[in-house]
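Working from the sequences, and respecting the hints, build out all of it.
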Amino acid sequence: MIASGELDEAEGALAEAREAADAAGDQEALALVLGDGDALLRQAAGDLVGALEALQDAAPILERFGAFQAPLVHHSGARVSLALGRVEAALDWLSRGEVAVAESSANFVTPALAATRAHLDALSLDATGSQEQRERALAGLGLPLGDFQASPVWADLAFASAEYGRWDDVEADATLGLEASSSTRFWERPRLLAAAALAAVERADTDRASELVHEADAYVRQRRMRIFLPLLGYVSAVVTRAAGDLVAAEREAAAAETGAIEMGMRILACDVAGLRAEVAETSGHGNPTEHRLRQASIGDDIVAGISDPRLADRLVLRLHASATARPGPTA
Numbered sequence: 001m002i003a004s005g006e007l008d009e010a011e012g013a014l015a016e017a018r019e020a021a022d023a024a025g026d027q028e029a030l031a032l033v034l035g036d037g038d039a040l041l042r043q044a045a046g047d048l049v050g051a052l053e054a055l056q057d058a059a060p061i062l063e064r065f066g067a068f069q070a071p072l073v074h075h076s077g078a079r080v081s082l083a084l085g086r087v088e089a090a091l092d093w094l095s096r097g098e099v100a101v102a103e104s105s106a107n108f109v110t111p112a113l114a115a116t117r118a119h120l121d122a123l124s125l126d127a128t129g130s131q132e133q134r135e136r137a138l139a140g141l142g143l144p145l146g147d148f149q150a151s152p153v154w155a156d157l158a159f160a161s162a163e164y165g166r167w168d169d170v171e172a173d174a175t176l177g178l179e180a181s182s183s184t185r186f187w188e189r190p191r192l193l194a195a196a197a198l199a200a201v202e203r204a205d206t207d208r209a210s211e212l213v214h215e216a217d218a219y220v221r222q223r224r225m226r227i228f229l230p231l232l233g234y235v236s237a238v239v240t241r242a243a244g245d246l247v248a249a250e251r252e253a254a255a256a257e258t259g260a261i262e263m264g265m266r267i268l269a270c271d272v273a274g275l276r277a278e279v280a281e282t283s284g285h286g287n288p289t290e291h292r293l294r295q296a297s298i299g300d301d302i303v304a305g306i307s308d309p310r311l312a313d314r315l316v317l318r319l320h321a322s323a324t325a326r327p328g329p330t331a
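Per the numbering used here, the very first residue in the sequence shown carries number 1; after that it's consecutive.
Rather than coming from a laboratory, the hints here were simulated on the basis of the structure.
Backbone N, C-alpha and C fix where the C-beta goes; we use that ideal spot for every residue, glycine too.
None of the hints are false.
Label-pair distances were calculated between CB atoms; the ranges are:
id	residue 1	residue 2	range
1	His285	Phe186	32 to 42 Å
2	Pro60	Phe186	27 to 37 Å
3	Asp313	Ala218	38 to 48 Å
4	His285	Ser181	42 to 52 Å
Encoded structure:
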């Protein structure tokens, strides 16, 4: 219901399910309501902190019952934490997910966990780790029920490939994700279209890139998936800049940064600030230094919460880099 845009119906169904679980004293059922429906509904509205709280409430209960849904909740927790720039928390969610998979034999979640780790490793410039996780995710897709979450797997792999500048892989991953018939294909469609648009820009096909962005934007607005608007605004700014419309690029990037900051999407906000600096440098309008300082400040804020100095050093390189000249993952 949520992914298809039936938010009012989903809210009603969740309220009924919560009431029934409370009345029956069924903690496991209540945890499923929180970890599945409530968290996803909050994400759709752009309330990532609220979504994470719902997942944090659900996870211990599902772990205690040994439910096969537990690693799905861990995977969601990792992705939401990463979007919020809480990198070590995302790593912890992924580790807990691996444990839950082993305890519940829910091996069909392994590809999704591995793909998200591949994306995280690419963001932190760990080329070896990212490639190993990519291969693990691809191998897992061939297992029984391994393609259950094929769409998020391909989406995370596409954005991991984008960190490397491997645009052929980005395009191939996005295409496979859009063609997948997994249960999460509706939810992942905006991200997959965004990845395909970025690949089209690299092919210098701005017309096609624009079509993909407009398709994604119409899709999320019709379904009230507010969470994807900052990402699509960022990608649209990349497209319009490539097409030579720097005024539109700045306008779209400014809106994307505002949305990303409001939702707590710190890594995306950092990237958009860097893009705005480049647009200002090219156009001669605005203050690129101001944007660069804001980019650095957001990046430093993310890194300040990391206890592993090696991970922190890698992330600083990635987060302070320009949008078009990132250092790329290193071994």
